[in-house]
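Q: Chains A and B, in that order, give the protein sequences.
Take the first sequence: its letters are residues 0 to 238, numbered as in numbering that gives the first Met the number 0.
Take the second sequence: its letters are residues 0 to 443, numbered as in numbering that gives the first Met the number 0.
Keep in mind the hints are simulated off the structure, nothing from the lab.
A hint or two may mislead.
Where chain A lies over chain B, by a calculated footprint (3+ residues, C-beta under 8 Å) [what the hints assert, rightly or not]:
1. 2-15
2. 56-63
3. 309-323
4. 416-429
Quick reminder that beta carbons are idealized off the backbone N, C-alpha and C, glycines included.
So the chains spell out like this:
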Amino acid sequence: MPAMIGLFPTCLGDAVHPQVVRDAERVLRAAGVETAPIPRATCCGQPAWNSGFAADARRVARQTLRAMAGLDAIVVPSGSCTAMMRLHWRHLFHGDRDQALAERTSSRVFELSQYLVDEVGAEALGTPLGRTVTYHDSCHMLRELRLAEQPRKLLRAVADLRELPRGDRCCGFGGTFSVRYPDVATAMADDKLASAAASGAETVVSADPGCIMHVEGRAARIGADVRVVHLASILAEAL
Amino acid sequence: MTGFERRSAAALHDPVRLQNVRRFSERAHDNRTASVGSIDFEALRTEGARLRAEAVADLPALLDRFQRNLEQNGVVVHRAATGADAVAYITGVVLRHGTEVVKGKSMASEEIGLNERLQAAGVDVTETDLGEFIVQTAGEAPEHIIIPAIHKSRAAVRALLEPLAGEPIGDDPADLTAFARAHLRERFLRAPVGITGVNFGVAETGTLVLVENEGNGRMCSGLPRVHIAIMGMERLVATMADLATLLPLLIRSGTGQKITSYVSLVGGPRRGDEADGPEEVHLVILDNGRSRVRETAYRSVLHCIRCGACQNVCPVYRQVGGTAYGWVYGGPIGAVLTPLLHPQDGLDELGQASSLCAACDDVCPVRIPLHELLLGLRRDRAVTSAGWLERLAFRTWSTAWSRPWLYRLTTRAARHVNIRGQAPAMHVPLLKRWARTRDVRVKR
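Given only the sequences and the hints, what does the whole structure look like? Please build it.
A: See the structure below:
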């Protein structure tokens with residue numbers, strides 16, 4: 000029986016970046032991985048979990064967790080949502096009737112570049128675009144999942160990758176943080192845009208829709224001359 | 000607007016301050032990074048974490064041993080349950096000897112508002128750490144655990160010190176420092192009482208350890224007739240061997256040095272055959288909420304050795320500085336410690352004042368899981384003090400998004416909401432908090 004692999008779009012993918020989800024699907028297909036949508040999945044619960052509302056987080060996450068039952072792997076175009084499902088679900092469902100299912104499912108969740116590089120062994124997808132890019136490490140992907148080399152490997156195959164000065168510094172999104180403390184979050188985005196300008200790259204790539212929405216949204220507001228794109232999109236462009 | 004929002008807005012609107020906090024915290028972080036590369040720092044962190052966890056777990060017994068050894072060395076020990084208790088004791092000792100005090104850096108003394116209270120009792124207190132001297136002269140509180148005047152430019156320091164000098168000094172740091180040095184020297188020689196903090200107490204020997212770069216701490220503890228030290232009750236290590244692990248952790252994490260210019264081990268008052276040193280040494284061991292915190296799930300916050308590394312790496316602290324956190328400690332450690340030590344001050348929002356980026360976890364020399372603790376504080380707040388509107392919002396959200404059809408409906412609808420400029424999103428609650436400074440570009 001062929002493996003059942005689900006592509007989890009994430010709520011920001013569904014609401015703001017549906018193109019990214021289609022790009023991820025294309026890239027995975029190019030790597031020989033056929034994915035299926037997960038019809039009854041919604042959100043991983045992170046917005047409420049990170050705000051301290053564990054019961055509300057569990058309520059939403061349970062819907063998604065159960066929708067994922069039976070899948071052999073779940074691929075996610077977001078480091079942050081992956082960290083929520085791989086690492087925090089264990090705590091969220093600790094002592095819960097779905098604890099065993101959560102533990103089983105957690106280890107089957109993979110961030111996109113992690114799946115491509117570590118599971119499939121696809122380190123070079125697509126042909127060089129002749130562009131200069133830089134990579135923004137999202138906090139949860141870097142410091143919770145410790146994924147730094149995987150996206151860079153994929154990027155080097157399609158573009159001239161320059162390191163972003165202080166690329167590991169938070170862009171200020173932080174989920175609800177960005178609307179609780181909008182001025183601080185915006186100052187952080189401005190820091191990130193200044194680093195991007197200093198990198199000399201024309202495109203900032205990230206593997207997290209949250210960071211992209213935030214940095215791109217700020218760049219658009221102040222007219223900064225930079226493109227902010229998802230890793231899946233630049234890989235799809237290079238196919 | 001919440002308190003943190005208001006205070007951080009004030010900080011963000013001060014470009015000089017913003018530039019200084021960014022520049023100097025970044026430099027301190029880079030110095031740390033450079034210094035930890037040359038040794039197996041990760042192994043040292045693991046060992047430090049273990050030692051701190053053991054010391055805090057064993058704290059009551061360790062404190063007893065510490066006190067016995069101190070008393071044997073001739074140190075008068077006072078255990079203060081509250082800040083008021085500590086202030087009353089210190090004030091009493093000072094007034095028995097005079098009305099002038101020279102003081103070294105101590106965050107514990109900031110916690111209890113010692114300077115203001117001593118001044119109210121008619122005591123003239125002079126901060127002698129250069130950074131502390133600057134913020135005291137400005138009538139401000141320290142902005143950073145180890146770099147109190149991190150937010151001050153040279154020009155600002157000059158403007159503060161020239162009136163004291165009564166003549167132009169210029170803004171060359173060497174000249175400004177030379178003035179402060181001469182100004183403080185008179186006071187060191189005159190004051191009957193010196194007050195210092197304590198970086199570590201060593202239980203097996205009853206030793207007080209002071210770590211600094213200017214020599215003012217050694218002056219405060221060695222020159223006046225009376226030395227009063229104040230120490231947070233958790234700052235204990237069991238043995239001198241443990242100190243040998245924790246000292247480099249503190250110093251490399253704080254300043255990136257291999258060792259500071261001065262590390263003083265205070266063993267007690269002058270003995271009969273000694274030529275100098277204080278005649279009396281007092282140690283105030285401050286609880287001020289620590290015993291209570293020790294009994295909670297947040298015990299590990301007491302492992303902190305106050306190096307400031309989490310402040311230097313924090314992308315939020317970098318924008319707003321220390322005073323935005325509303326009490327004594329800024330940055331991640333402040334966001335955790337403040338709601339725990341001062342739950343009555345309405346500062347429990349501080350758990351939210353973080354993007355949960357976890358950069359602090361990676362630099363903490365004793366591996367305090369700061370972002371896990373921040374998450375814990377958020378869970379506490381959600382069930383205790385979160386407002387009804389916020390509860391309702393999350394309830395509504397979870398009701399909708401636990402139903403696939405409603406999830407589908409709302410996310411599909413959201414795809415039509417591009418934000419370009421402030422209007423019309425400015426009329427929608429919550430959305431306007433995004434739309435004031437940022438667009439949303441839907442990638443359909």
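Q: Each hint needs a verdict: does it hold in this structure or not?
A: Evaluated hints:
Given as covered by chain A, the segment 2-15 of chain B passes the check, having 5 residues with a CB less than 8 Å from a CB of that chain where 3 are the minimum. By the rule of at least three residues with a Cβ nearer than 8 Å to a Cβ of chain A, the coverage given for the segment 56-63 of chain B is violated, with 0 such residues. Only residues whose beta carbon comes within less than 8 Å of a beta carbon in chain A count, and the segment 309-323 of chain B has 5; three or more means the coverage holds. Given as covered by chain A, the segment 416-429 of chain B passes the check, having 4 residues with a CB less than 8 Å from a CB of that chain where 3 are the minimum.
The structure does not agree with numbered hint 2 stated previously, though it agrees with all others.
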